[in-house]
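In this note's numbering, the protein residues as written are 1 to 172.
Simulated from the structure, these hints should not be mistaken for laboratory data.
Careful: at least some of the hints might be erroneous.
[As the list claims (entries may be wrong)] Straight-line distance between alpha carbons at most 30 Å, and here's what the computed BS3-like set of lysine-lysine pairs gives:
hint, residue 1, residue 2
1, LYS101, LYS73
2, LYS94, LYS73
3, LYS167, LYS99
4, LYS52, LYS73
5, LYS167, LYS94
6, LYS101, LYS120
7, LYS94, LYS120
8, LYS99, LYS120
9, LYS99, LYS73
10, LYS167, LYS101
11, LYS52, LYS99
12, LYS73, LYS120
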Amino acid sequence: MTSRAEGRDQGPAKRVALRSLADPSVEHVGTGASPVPTRSSTLSPSQSQLEKELVRSLAQTLYIEESAIAVEKPFMEMGLDSVIGAAWIQSLNKQYASKLKASSVYNYPTIRQMAGFLEKGLLKQEQALVQSIPTLSLDDILQQLQQGTVDLGQADQLVHQVLTRAKGGDDR
Numbered sequence: 001m002t003s004r005a006e007g008r009d010q011g012p013a014k015r016v017a018l019r020s021l022a023d024p025s026v027e028h029v030g031t032g033a034s035p036v037p038t039r040s041s042t043l044s045p046s047q048s049q050l051e052k053e054l055v056r057s058l059a060q061t062l063y064i065e066e067s068a069i070a071v072e073k074p075f076m077e078m079g080l081d082s083v084i085g086a087a088w089i090q091s092l093n094k095q096y097a098s099k100l101k102a103s104s105v106y107n108y109p110t111i112r113q114m115a116g117f118l119e120k121g122l123l124k125q126e127q128a129l130v131q132s133i134p135t136l137s138l139d140d141i142l143q144q145l146q147q148g149t150v151d152l153g154q155a156d157q158l159v160h161q162v163l164t165r166a167k168g169g170d171d172r
């Protein structure tokens with residue numbers, strides 16, 4: 001299924017620009033296919049989901065198999081140093097629209113601890129989003145998506161909620 005934006009002939013530059021707004025955890029399957037989120041569609045993933053995503057991300061960063069990563073093993077024992085740690089944190093900040101500091105790998109030195117900390121931050125973001133829903137317009141949601149304040153899954157749910165309210169139903 002193609003989106004309306006992809007279905008219209010907008011020229012390659014506009015299609016590329018639209019695709020570049022997507023969350024880095026979104027894969028494009030084939031030409032003209034809709035993006036398929038690799039994350040769950042809920043606003044805030046659970047700690048166990050975050051742990052799985054962090055394991056996947058750390059394995060990619062360290063160029064090792066996911067099976068080599070234990071959720072309770074300190075990052076430094078798995079080969080994460082300060083330089084690679086800073087790059088990994090930067091990728092997490094993009095993926096989750098968070099503001100983790102590079103020192104987070106020392107303050108939360110395991111997958112389990114990092115996931116717990118990240119979950120709390122994402123829950124705070126979700127609460128702020130839910131509280132702002134009545135005042136959000138579709139343009140506001142698109143702008144937040146472009147700025148990285150929300151990811152593709154969050155934007156999809158927010159659009160659904162705005163449209164549900166516009167029809168007279170309350171989706172909360």
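- Non-conforming hints, listed in increasing numerical order: 3, 5, 10
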